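Trainee: First to last, the protein sequences are chains G and Y.
Last residue of the first sequence: 180 in the working numbering, with the numbers rising by one and none dropped.
Last residue of the second sequence: 127 in the working numbering, with the numbers rising by one and none dropped.
Any given hint could be a false lead.
[Said to hold, decoys possible] Derived DSS-like pairs: lysine-lysine, alpha-carbon spacing no greater than 25 angstroms straight-line:
(1) G:LYS125 / Y:LYS80
(2) G:LYS39 / G:LYS125
(3) Y:LYS2 / G:LYS125
(4) G:LYS50 / G:LYS177
By construction, these hints were calculated from the structure, which means they are not laboratory data.
The structure displayed is predicted, hence computed values, not measured ones.
Here's the letter readout for the chains.
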Amino acid sequence: MDNIHDFYNKMEKGNIMLSFKGEVTSDLLTSILQIMESKMETLDESPKIKKKVYNILVECLQNLYHHIDEDDVATSVKENSALFMIKKEDGEYSIMTGNFITKENVNSLKHRLDKINEMDKDALKDYYKEVLNNGEMSAKGGGGLGMIDIARKSGKKLEYNFDDVDANHSFFSLNIKVAQ
Amino acid sequence: MKDLKIEGSPKTPTIEFNSEKGYLLVRGRSIPENSIEFYKSLIEALEAYNTNSQPNTKVDVQLEYFNTSSSKCILDVFKKLEAINAGSSNVVINWYYEEDDEDMLEAGEDYQAIINVPFKMIEVGEE
Chain G
1 MDNIHDFYNK
11 MEKGNIMLSF
21 KGEVTSDLLT
31 SILQIMESKM
41 ETLDESPKIK
51 KKVYNILVEC
61 LQNLYHHIDE
71 DDVATSVKEN
81 SALFMIKKED
91 GEYSIMTGNF
101 ITKENVNSLK
111 HRLDKINEMD
121 KDALKDYYKE
131 VLNNGEMSAK
141 GGGGLGMIDI
151 ARKSGKKLEY
161 NFDDVDANHS
171 FFSLNIKVAQ
Chain Y
1 MKDLKIEGSP
11 KTPTIEFNSE
21 KGYLLVRGRS
31 IPENSIEFYK
41 SLIEALEAYN
51 TNSQPNTKVD
61 VQLEYFNTSS
71 SKCILDVFKK
81 LEAINAGSSN
91 VVINWYYEED
101 DEDMLEAGED
111 YQAIINVPFK
121 MIEVGEE
């Protein structure tokens, strides 16, 4: 039973408020949002921080949800599984997500994230309006606005990484810090 | 005429549309996973209204949160209102945002920049 204690200590040390690993469903999404809302209420966070964190949570979780939904042709269980964590360290919130993506999608995602990271506040605002007004809406909604919105609300650069998993898959890690 | 009354839920806003009064209210949270489905009935009601609109149309948008999937649908709603405004009704959109909620104010300004309808930004005190 030592492992469970190790797990606890690691999460405690990492200031993890909430973590989840598995398939992101609509019900789960609703529950996580409710839990985080009441946690932030208890912690007496400012309305500004509460709203920013909540908004980013919605976008991240729905990204994971739609991603999994779109990949339902996938054969391996792995592709439907995601990791989601919220950390609060020195008063700063971080929202971390991890999920498997097919290798053919890595380059376009990396390109989009780099493009967003190069933009300042005003450029992001213009880019958001451009995509909102001209972008095609996918059947699931969003249509590429999610990451731009996350970057705008976070006020920080998006930290990301792609790890090789096997011939066809990479693991995509995203760390979003919420500026105070 | 097609009136609309949709009760709000944790993921979807309250919607009230009264064609006789020329009044539309959208209030609460709009974070559904499938927003196209949710906003469909409102888009249809506005299309019908455009054929027989009141001289004045007042729109109150009091959103607490909305996701990016809703943001496209809200733009579609505003585009319908833009068409109504270009027709025989004077439309005013009141965009409410809570004190200190710069993100919501900015979101309203983003729409204002895109849509050719008079917007009023209205700050409300926190509850």
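Trainee: Now tell me, hint by hint, if it's right for this structure.
Mentor: Each hint, compared with the structure:
| no. | hint | in the structure |
| --- | --- | --- |
| 1 | G:LYS125 / Y:LYS80 | holds (23 angstroms) |
| 2 | G:LYS39 / G:LYS125 | violated (30 angstroms) |
| 3 | Y:LYS2 / G:LYS125 | violated (36 angstroms) |
| 4 | G:LYS50 / G:LYS177 | holds (13 angstroms) |
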